[in-house]
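Engineer: Got chain W; can you put chain B on it based on the hints?
Top to bottom, those sequences are chains W and B.
Each residue of the first sequence is one higher than the one before, starting from 4 at the first, in the numbering used here.
Each residue of the second sequence is one higher than the one before, starting from 4 at the first, in the numbering used here.
Hints listed in this document are in silico derivations from the structure and should not be mistaken for laboratory results.
Using N, Cα and C, we set each Cβ at its ideal position, and we do this for glycine too.
Treat the hints with care, as some may be off.
Unchecked claim - Among the chain B residues that face chain W by a calculated CB cut under 8 Å, a handful are:
(1) A149
(2) S173
(3) I176
(4) C179
To be verified - Calculated lysine-lysine pairs in the BS3-like style (CA-CA distance at most 27 Å, straight line):
(5) W:K153 <-> B:K11
(6) B:K11 <-> W:K100
(7) W:K154 <-> B:K251
(8) B:K147 <-> W:K10
(9) W:K153 <-> B:K154
(10) W:K100 <-> B:K100
(11) W:K110 <-> B:K100
(12) W:K11 <-> B:K153
(13) B:K100 <-> W:K150
(14) W:K7 <-> W:K215
(15) W:K153 <-> B:K153
(16) B:K100 <-> W:K11
Number of protein chains: 2
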Amino acid sequence: MQIKLAKKYGFCFGVKRAIQIAEKTKNSITLGPLIHNPKEISRLEVKFGVRVEEDTQMIKNGEHVIIRTHGIPKGDLEYLKTKDVQITDATCPYVTKPQEIVEFMSKEGYQIIIFGDKTHPEVKGVMSYSTTQPIVVSSLEELKEAKIGKKIALVSQTTKQANNLLQIASYLITHCYEARIFNTICNATLDNQESARELSKEVDVMIVVGGKTSSNTKQLLNIALQNCTDSYLVEDENDLDMRWFEGKNICGITAGASTPDWIIDKVKEKIQSL
Amino acid sequence: MQIKLAKKYGFCFGVKRAIQIAEKTKNSITLGPLIHNPKEISRLEVKFGVRVEEDTQMIKNGEHVIIRTHGIPKGDLEYLKTKDVQITDATCPYVTKPQEIVEFMSKEGYQIIIFGDKTHPEVKGVMSYSTTQPIVVSSLEELKEAKIGKKIALVSQTTKQANNLLQIASYLITHCYEARIFNTICNATLDNQESARELSKEVDVMIVVGGKTSSNTKQLLNIALQNCTDSYLVEDENDLDMRWFEGKNICGITAGASTPDWIIDKVKEKIQSL
Numbered sequence: 004m005q006i007k008l009a010k011k012y013g014f015c016f017g018v019k020r021a022i023q024i025a026e027k028t029k030n031s032i033t034l035g036p037l038i039h040n041p042k043e044i045s046r047l048e049v050k051f052g053v054r055v056e057e058d059t060q061m062i063k064n065g066e067h068v069i070i071r072t073h074g075i076p077k078g079d080l081e082y083l084k085t086k087d088v089q090i091t092d093a094t095c096p097y098v099t100k101p102q103e104i105v106e107f108m109s110k111e112g113y114q115i116i117i118f119g120d121k122t123h124p125e126v127k128g129v130m131s132y133s134t135t136q137p138i139v140v141s142s143l144e145e146l147k148e149a150k151i152g153k154k155i156a157l158v159s160q161t162t163k164q165a166n167n168l169l170q171i172a173s174y175l176i177t178h179c180y181e182a183r184i185f186n187t188i189c190n191a192t193l194d195n196q197e198s199a200r201e202l203s204k205e206v207d208v209m210i211v212v213g214g215k216t217s218s219n220t221k222q223l224l225n226i227a228l229q230n231c232t233d234s235y236l237v238e239d240e241n242d243l244d245m246r247w248f249e250g251k252n253i254c255g256i257t258a259g260a261s262t263p264d265w266i267i268d269k270v271k272e273k274i275q276s277l
Numbered sequence: 004m005q006i007k008l009a010k011k012y013g014f015c016f017g018v019k020r021a022i023q024i025a026e027k028t029k030n031s032i033t034l035g036p037l038i039h040n041p042k043e044i045s046r047l048e049v050k051f052g053v054r055v056e057e058d059t060q061m062i063k064n065g066e067h068v069i070i071r072t073h074g075i076p077k078g079d080l081e082y083l084k085t086k087d088v089q090i091t092d093a094t095c096p097y098v099t100k101p102q103e104i105v106e107f108m109s110k111e112g113y114q115i116i117i118f119g120d121k122t123h124p125e126v127k128g129v130m131s132y133s134t135t136q137p138i139v140v141s142s143l144e145e146l147k148e149a150k151i152g153k154k155i156a157l158v159s160q161t162t163k164q165a166n167n168l169l170q171i172a173s174y175l176i177t178h179c180y181e182a183r184i185f186n187t188i189c190n191a192t193l194d195n196q197e198s199a200r201e202l203s204k205e206v207d208v209m210i211v212v213g214g215k216t217s218s219n220t221k222q223l224l225n226i227a228l229q230n231c232t233d234s235y236l237v238e239d240e241n242d243l244d245m246r247w248f249e250g251k252n253i254c255g256i257t258a259g260a261s262t263p264d265w266i267i268d269k270v271k272e273k274i275q276s277l
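Same shape as in the complex, but just chain W:
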């Protein structure tokens, strides 16, 4: 089996930075998983004593809290600050940006529109910075149902696809007087997506390595499926199914922004051994 890696794949700047912070801050707590990759979260717990806590109420005085890459709601951060805990912010700077934009623009009287998934931690965090009720839409169809004002500010979840953002933006431009559009899609995400798109055209089977709750990993799978119907998402080498490779010659591999190299290497080795 010939293996081709995507030109760009795996860890982005924000994830690398967060993991370095976690490795340096032994025995700390992250509020929600630091990144969307359960295997890497386990490794941090086993090797560095970094535990995950879901609820701010459970954090005791004297503890050291790391803010996850996706950020947390403003209220949770404010609550933590009232406690006697040390806080280290590992929010990706590309996520801090839409938080700041949403706060400033809502104060300036712009109606906030967020293109993203309401249930995703990043979006929950960004929403919480709006001083007015933001509109969150994950598709153009949802936007068409919403009542929008004359002056809007649009931000995007960092891991969304640019062509979908443009659909949303085009609707707003033709339905508002002023559309203030902030392209907060992360370049690393775009680069990984572009590389996955190219590679998926050249291969017989495509493996996307990443967490099943990772938004950008799911996007990579969707993009791969557009060109290669034999595309599969695996969290690690144990998820590989030998039948996927029967009669195939070239296998492409890409990985989400929160997938560590050590997992990608194991997946590669197992496929190579076929």
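Structural biologist: Leaving out everything else, chain B in the frame of chain W:
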């Protein structure tokens, strides 16, 4: 010959307003033609003594100057104000708006991008309000040649087509960090375009009545041609060619925003008499 008029056609709000002003301000001068319709300009001269002057230098003290619907460059207006002339502003409020936006946004440090035709008086006027060098593009191809900054503000010539504005906007959103997009396309233009599009699907031959230098009239012709290859632009009934109607049953008529009803009526009568 059955005749069908477009649902919406002809005079827009800004043109109606300008003509009312001109009729009330007898023996005045307009700097450039008040509207883009030579026949109506002649009528205003013959009946109300309203003359056209192309050069501010030619305007003598004591005269009454009307600013045309498309507006004039800021420098020309300032020069006029230094003279002993009375000024009445008939600039369409939908054109004043992009002038104001361009002035304010350029002062705020946004790079100004104008979607429009460099040689059109409206665009020349809007350009002149930018405190920095604006980029004027009439197509996506032209935009791709330009060096654009991180923060841009986009306005449109009022008579442009929305789908072309969206192409320009989409490029900017994916190439800038912040795109501040002002949809300055005039609704009357959009309504006339939409009506022309619908009507051109139902007829055998389509007549667009309007000035040959009128931007919105030319757009109507382009839209009509997309659905009806037998579409023609006429300034008045004398431009009609009988051969266009041979073997045809239904004729559609639309008219540019600066075409008066009295010209449309004459065109209609002549076609009806066939």
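Engineer: Now look at each hint and say whether the structure bears it out.
Structural biologist: Structure-based check of all given hints:
Interface restraint check: B:A149 against chain W, minimum CB-CB distance 18 Å, threshold 8 Å, status violated. Look at B:S173: its Cβ gets to within about 5 Å of chain W, closer than 8 Å, so that hint holds up. About 5 Å separates the beta-carbon of B:I176 from the nearest beta-carbon of chain W, less than 8 Å, and the hint is met. Interface restraint check for B:C179: the shortest CB-CB distance to chain W comes to about 7 Å, inside 8 Å, so the restraint holds.
Between W:K153 and B:K11 the CA atoms are separated by roughly 25 Å; this keeps the pair inside 27 Å, and the hint holds. The straight-line distance between the Cα atoms of B:K11 and W:K100 is roughly 45 Å, outside the 27 Å bound, and the hint therefore fails. Between W:K154 and B:K251 the CA atoms are separated by roughly 48 Å; this puts the pair beyond 27 Å, and the hint is violated. Of the supplied pair hints, the one linking B:K147 and W:K10 holds, its CA atoms being roughly 26 Å apart against a limit of 27 Å.
Our distance criterion of 27 Å between C-alpha atoms is met by W:K153 and B:K154, whose separation comes to about 21 Å. As the CA atoms of W:K100 and B:K100 are separated by approximately 30 Å, the hinted pair breaks the 27 Å bound. Simply put, W:K110 and B:K100 have alpha-carbon atoms about 24 Å apart, close enough for the 27 Å limit, and the pair holds. Taking the CA atoms of W:K11 and B:K153, the gap is near 25 Å; set against the 27 Å cutoff, the hint holds.
The hinted pair formed by B:K100 and W:K150 meets the criterion: a straight-line CA distance of about 25 Å does not exceed 27 Å. Pair hint W:K7 plus W:K215 holds up; C-alpha atoms about 22 Å apart against a cutoff of 27 Å. Between W:K153 and B:K153 the CA atoms are separated by roughly 24 Å; this keeps the pair inside 27 Å, and the hint holds. For the proposed pair B:K100 and W:K11, the alpha carbon gap of about 45 Å is over 27 Å, so the pair is violated.
Checked against the numbered hints given earlier, this structure breaks hints 1, 6, 7, 10 and 16; the rest are met.
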